[in-house]
Amino acid sequence: MLNNITLGRFFPGSSFIHRLDPRVKVLLMIVLLLNIFLSTNYLSLFIVFFVVILFIMLTKISLKTYFKSMKFILFVVLFTGILNIFYAKGTTIFRLGTFSITDEGINNSIFVSMRLIMLILVSSLLTFTTSPTNLTYAIERLIRPLNKFKIKTHELAMMMTIALRFIPTLLEEIDKIIDAQKARGADMETGNILNRIKAFVPVLVPLFVSSFRRAYDLALAMECRCYNGGEGRTSMRILHICRNDIFAILVVLGLFVLVLIINNLFLAVSL
Amino acid sequence: MKSFIDIIDLNFSYNEDNNAKKILNGINLNIKKGEFLAILGCNGSGKSTLIKHLNAMLLPTKGNVFVKGMNTKDERKIYDIRSTVGLILQNPDNQIVASIVEDDVAFGPENLGVAPKVIRERVDMALKLVDMYDYRKSTTYSLSGGQKQRVAIAGIIAMQPECILLDEPTSMLDPEGRKEVLDTIKNLNKNFEITIVLITHYMEEAVNADRIAIINEGKIVRVNTPRAIFSDIIFLKEYQLSIPPVVELIHKLRLNGINLNNIALDEKECINILKNYFNSFE
Amino acid sequence: MAKLEIKNLTYIYSEGTPAAKKALNNINLRIKQNEFIGLIGRTGSGKSTLAKHLNALLKPTEGKILLDGEDFWHKPKKIRNVRFKVGMVFQYPEHQLFEETVYKDIAFGPSNMGLLEDEIEKKIHMACEFINLDFNLLYKSPFELSGGEKRKVAIAGVIAMDPEILILDEPTAGLDPKSREQLLCQLHYYYKSREKTVILISHNMDDIAKYSDRIIVLDDGNLIMFDSPKRVFSQIDLLKSVGLEPPQITSVMRSLLEVVPGLSDEILTVDEAVEALLNFVKNR
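Protein chains in written order, with the numbering used here: chain A, 1 to 271; chain B, 1 to 282; chain C, 1 to 284.
In case anyone wonders, no lab produced these hints; they're calculated from the structure. Just so you know, not all the hints are guaranteed correct.
[Unchecked claim] Chain C side only, calculated, beta carbon under 10 Å to chain B, not exhaustive:
| id | residue |
| --- | --- |
| 1 | 7 |
| 2 | 136 |
| 3 | 137 |
| 4 | 147 |
| 5 | 174 |
| 6 | 176 |
| 7 | 204 |
| 8 | 255 |
| 9 | 256 |
| 10 | 258 |
| 11 | 259 |
| 12 | 270 |
| 13 | 274 |
| 14 | 278 |
| 15 | 280 |
C-beta: ideal position from N, C-alpha, C; glycine also.
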């Protein structure tokens, strides 16, 4: 079950991208995403795409793995792409019954699909090269200023850590329970929707019961290890911004400025 | 050896009222520094409840528990007590907090506010001690049961405790995992003078202890050395404890008139006793 | 005729991906009606994979499994019928309890089989008797019971389906010595009195030696041995090479061979050992 899903997984490595400071990585990915949405013309869109692909190559994880992560979302990409072809104004290129396809529709469709694809690529870029712990740690650090607004950032980060830690355990548990109930003759593959939902009660109840048991144990174990919320807590990790980070920051900021300039140029031309 | 944990007239029930069923009923026990104590008893005898009193996870309804002179009821001392006395649970899956081995081991010292550099040193030291250093960057869910349990032990070691409590740490493991964990426990006790309190159903594990305490229906019925406990077959049967096959073998041979004056606690001893007997027989 | 026949069974996990792994390699076995089979091997040897095949939870990559001469996967749509005939008790089966009452939980299997209410009740009573479960517990919530009682309820849930073959994966894990002994005794009694085939997966060699008629030894997906306990455990070196330890008594006797010549290498229990040693003393 776990082997087929690459979306959101971490592939350990020591590439340039792997070694970036996780805080820098999270921020850079946000800026890259901004770039994607700011690109309103083909030129900037393709420049951004080029940079994304460049970063992907730098991770030394095969392109195949990245495209595998899109398998689940490809349907969404196609669907929104096709919808966009039809629902737009502009000069009609050709008609298909009551539907008309316009130049703007095709443009829209390409932009939307490209943006979605890049969105997935960029988020995969982050999750593939950053361990869950580093990722949570970076996010905890970045949202720490929100503490001033009485948002408990440490608790949020701790919840994320525990969630990430228990996802594989719970998936395995679901597999086990399904097998066990099937062995008792539970029928989960046939029947109408209502029956199938009913068939999941014997899976869900044990899953909840075991999750409560695990939660109880975990709370006990955390208390035994002197957990007392975020106050007075230190961290083993000491992060340093190094030359590589500065280099990456410059590249992405440069890209940001470039996209803005190109956008302006196109705006000037069309005016 | 000086007394390290003192349990004085410990009573415990989940309900305050007087008619409530007593899970623990008047326990008195001293645990010495550096000692290896095994606790045996049926499921439901109160073993787990007892052990949770030793690091202030539960507080006595009546009576007191002192850890190095600190009363577990003293709230100001609670973190001192818990960093002195660590607890390992039965299910290795449920006590690991982080996805990466070294991050999990760091969790305790991080909670205690130890400086980052020192945490790093302690984590490396603890992982080497349980022989899991090569796995420090691995994901915790990909480990075997025995490895997970050793990571959990490292997580306690990193808090530099003087005592580790283990509540059936091997009952969910395969024989290989059980051996790994038992070897780790023995190493901590022999070479690092860490006090061990081990709850187990496996007699082969209990024979390694300095003393065995047998608990039944919330009361301690006997505390003695493994040799003394396993010499008394009638007592073992009375409390429905399993008798290791080698103990039973020697016992039955003696009943049948074979003149053996020692009892065997493990395979090696049994072989030696019998070899000596049959050699002199020639 | 064999009750259960496994022919050239091979199973490959995640076939066609880089993570593909051969979990079972050309296994051939014939198991008779009313046999108590022990299944041993270290973790990862393929024990659970084999068990899941016998319960039709996994489909062989290659080869066949026949029950009373009929191929399991002959009619894939009727596969549930195989599961009714081959019952499986997983590790920590109490983790699958879900109903409001013990009665309803045990009834889950039989009612999936489409049995009538009075038949279900009979089966439940039969199962409770075999597993020695107090009838007074039937109308309690399974979540109120003690660990040992929950285990019994879960096993009763499979026995109530009255399968012809019962597979149990480490049914005594985590129980105290007294409950272990009781449970195994009850299972053995069930096998004897109802002439069922029982397959017991366990790491405890003393239990396996005590109860099994024949033992299957697996290592890395391969069938190493399938023979009587005496024959299997006399092969101490072979067992050690696949990461298994024989019963303690067997290895003690092996070490005594140099001072007690002529000692059999097929001694498994304390009583057999006592008898053999006393005989030696008498004949001197």
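Results for each hint:
{"no.": "1", "hint": "7", "verdict": "violated (30 Å)"}
{"no.": "2", "hint": "136", "verdict": "violated (18 Å)"}
{"no.": "3", "hint": "137", "verdict": "violated (15 Å)"}
{"no.": "4", "hint": "147", "verdict": "holds (6 Å)"}
{"no.": "5", "hint": "174", "verdict": "holds (5 Å)"}
{"no.": "6", "hint": "176", "verdict": "holds (5 Å)"}
{"no.": "7", "hint": "204", "verdict": "holds (9 Å)"}
{"no.": "8", "hint": "255", "verdict": "holds (5 Å)"}
{"no.": "9", "hint": "256", "verdict": "holds (6 Å)"}
{"no.": "10", "hint": "258", "verdict": "holds (8 Å)"}
{"no.": "11", "hint": "259", "verdict": "holds (4 Å)"}
{"no.": "12", "hint": "270", "verdict": "holds (5 Å)"}
{"no.": "13", "hint": "274", "verdict": "holds (5 Å)"}
{"no.": "14", "hint": "278", "verdict": "holds (6 Å)"}
{"no.": "15", "hint": "280", "verdict": "holds (8 Å)"}
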